[in-house]
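These protein sequence lines are chains H and C, in that order. Quick note on this note's numbering: the first sequence kicks off at 1 and runs consecutively. Quick note on this note's numbering: the second sequence kicks off at 1001 and runs consecutively.
The hints are simulated quantities; they were obtained by calculation from the structure and are not laboratory data. Beta carbons are placed, not taken as given, at the ideal position from N, Cα and C, and that holds for glycine. Some hints could be false.
As the list claims (entries may be wrong) - Partial list, computed: chain C residues near chain H (C-beta under 7 Å):
{"hint": "1", "residue": "P1012"}
{"hint": "2", "residue": "L1091"}
{"hint": "3", "residue": "V1097"}
{"hint": "4", "residue": "T1098"}
{"hint": "5", "residue": "V1106"}
{"hint": "6", "residue": "I1109"}
{"hint": "7", "residue": "V1158"}
{"hint": "8", "residue": "A1162"}
Unchecked claim - Taking lysine-lysine pairs in the BS3-like style, the calculated list, with each CA pair at most 30 Å apart, reads:
{"hint": "9", "chain 1": "C", "residue 1": "K1208", "chain 2": "H", "residue 2": "K99"}
{"hint": "10", "chain 1": "H", "residue 1": "K100", "chain 2": "C", "residue 2": "K1208"}
{"hint": "11", "chain 1": "C", "residue 1": "K1208", "chain 2": "H", "residue 2": "K188"}
{"hint": "12", "chain 1": "H", "residue 1": "K100", "chain 2": "H", "residue 2": "K188"}
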Amino acid sequence: MRRLNPWHLLLVPLCLVWIYPFVWMVSTAFKSEREVFLGGLSVLPDEWTFDNFVRAWDTAHFGAYLSNTVVFSVTTVIIVLLVSATAGYALGRGSLPGKKVIVGLLITTMFIPHGYTIIPIFKLVDGLGLNTGLLGAVLATAGPAHVVPILLFMGYFAGMPQELEDAARIDGASYPRIFFRIMLPLAKPVVGTVALFNFMAAWNAFFIPLVFTLGRPELRTLGVGMYSFFGQEATDWGGLAAAATISLLPIIAIFLFLQRTFVEGIAGAVKS
Amino acid sequence: MLLLFVAFTLWPMVASWWYSFFDWDGVGPATDWVGFSNFAEVLQSRPFWHAFGNSFLFSLVAICVEMPLALLAAILLNSRRLRGRNLYRLLLFLPVVTTTAVIGIVFAIMLDPAGGFVNDLLTSVGLVDSPITFLSESYALPTVMAVDVWKGFGITLVYWLAALQTVPDDLYEAAKIDGANGRQTLRHVTLPVIAPIGVVILLLTFQKSMNPFDLVQAMTEGGPNHATDVVATYIYRYAFDPYLNAPRYGFACAAGVVFGVITLVMTALQGPLLRRQYLKGSR
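Using the sequences and the hints given, assemble the complete structure.
Structure (structure tokens):
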């Protein structure tokens, strides 16, 4: 038998403690109100109950919040993809005047803290009359330049052979046609990475959805809903745990399903 | 694209400056020009500097605690002889993908002094006599910071793992032939090779750690008694807090401008220093 690496003795307990909050969350979500109230350290509930989920889904509106979050995330991803792909194409190919200045400006904006621009963005969306639905929050999230996706697309498009574009042009393809029928399909790996990351970011967004739904509770996303649920029913731990489970399970499932792409995407960002 | 960039990225920056010269509640156009008095008020405000200090403490913890710990874990998980290292990486990474606001509330409940899981455990094994009030004025800041490290650890770990994978195998073999032991290899082969990428990781970590709004707002709303206030929650309170009768957009903008400018200057100051390090490393 192979000798067991002693590091496992450290790593196994560490990882268990590390993910314990999730275990606790799911286990509490299935416990009865009485059992939650009495406390107790057991992981498995004495009696399994779905009451907490029913309460979170109906009374606390997490069913509605879930669909809000899906709409918000998907729309944001589509806009970010369109904007950053076209921008990356323009910057990556051809000789746009002032290209270096634009790229420099983009990178500078990466280091500007969030709170700095939220008020003007809020007033801008308000001024456009779009602050009546989720679209306002989507615009506020997707509108500001997404620097990393743009740079990713830029690098990818810059590496494509010029002959490809020339051949298409000779065949009579228009500029948008070249982009949508040839270039974009070829950039599938980048599209996938950008879509995945922005979906995650949008799903987990809190600041912007919070600010934009302050007056409209029915439009809350999961994170914001969780926050206000806690504000109203701070003692309904079972319900809160169920709501947290509803909020986190989809994103954890997506992550586990696509974890290879995910981790490699992050690693790739550092190397380049 | 250009329109969006101008409208949502450039304009807000300029507008922040502009608004900060007005005493403005956000209703109707800003007309009440007050010159620099908002700035004067921000600069003299003790709570603002307190929040500012906390924001930088968050960055400091991320850079001085999270980064070295993640590097150690990465070196350990990079070893090919360790079985199940992908599983470990997966588990350590899991908190990164979850919604910060939701996590904040889960922790707030777990750490509750009256019947929260952590205190129940600590008292039942006899480690403490009375429950620890984790989110009280004196302990709240370290608690929130610890959760912040837990949340961000996985991503820094993956950065370091990526960096470690850039070290070519023949360098390790050469070191082995020269009779270097584990620590010498680490000190003279691994660390110098990954140093340039370390600089990038430092910048990324700094940028990420500047914005702990979600976690702080969800766990403590900047309280109790402003103990965990950061600049973002400070601005939020003055501009968007639903319990506020008259929002002070102008004042909040001024606070944002001061913070933005100082951050930008600090990043710019790091620039040449980091570049030198980067060039030294790549030579």
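Given hint V1097(C) near chain H, where the shortest CB pair must fall under 7 Å: The hint holds - V1097(C) has a Cβ within 7 Å of chain H, the shortest such distance being about 4 Å.
Given a cut of 7 Å on the nearest C-beta pair, is the interface hint for T1098(C) held or broken against chain H? Nearest chain H Cβ about 5 Å off; hint holds.
Can we keep the L1091(C) interface hint, with Cβ of chain H closer than 7 Å? Holds: closest Cβ of chain H sits about 4 Å from L1091(C), inside 7 Å.
Satisfaction of hint between K1208(C) and K100(H), Cα-Cα up to 30 Å: Holds, at about 25 Å.
Evaluation of the interface hint that places A1162(C) against chain H, nearest CB under 7 Å: holds, 3 Å
Proposed proximity, K99(H) with K1208(C) (alpha carbon, max 30 Å): Holds - the C-alpha atoms of K99(H) and K1208(C) are around 27 Å apart, at most 30 Å.
With a cut-off of 30 Å on the C-alpha distance, tell me whether K1208(C) and K188(H) pass. holds, 27 Å
Holds or violated: is there a CB of chain H closer than 7 Å to the CB of V1106(C)? holds, 5 Å
Closest C-beta approach of P1012(C) to chain H relative to 7 Å, hint status: holds, 4 Å
Hint validation: I1109(C) versus chain H, beta carbon distance must be below 7 Å. Holds or violated? holds, 5 Å
Given pair status - K188(H), K100(H), alpha carbons within 30 Å: holds, 26 Å
Under 7 Å, Cβ to Cβ, is where V1158(C) needs to be relative to chain H, so tell me if that hint holds or is violated. holds, 5 Å
Hint compliance for this structure: no hint is broken.
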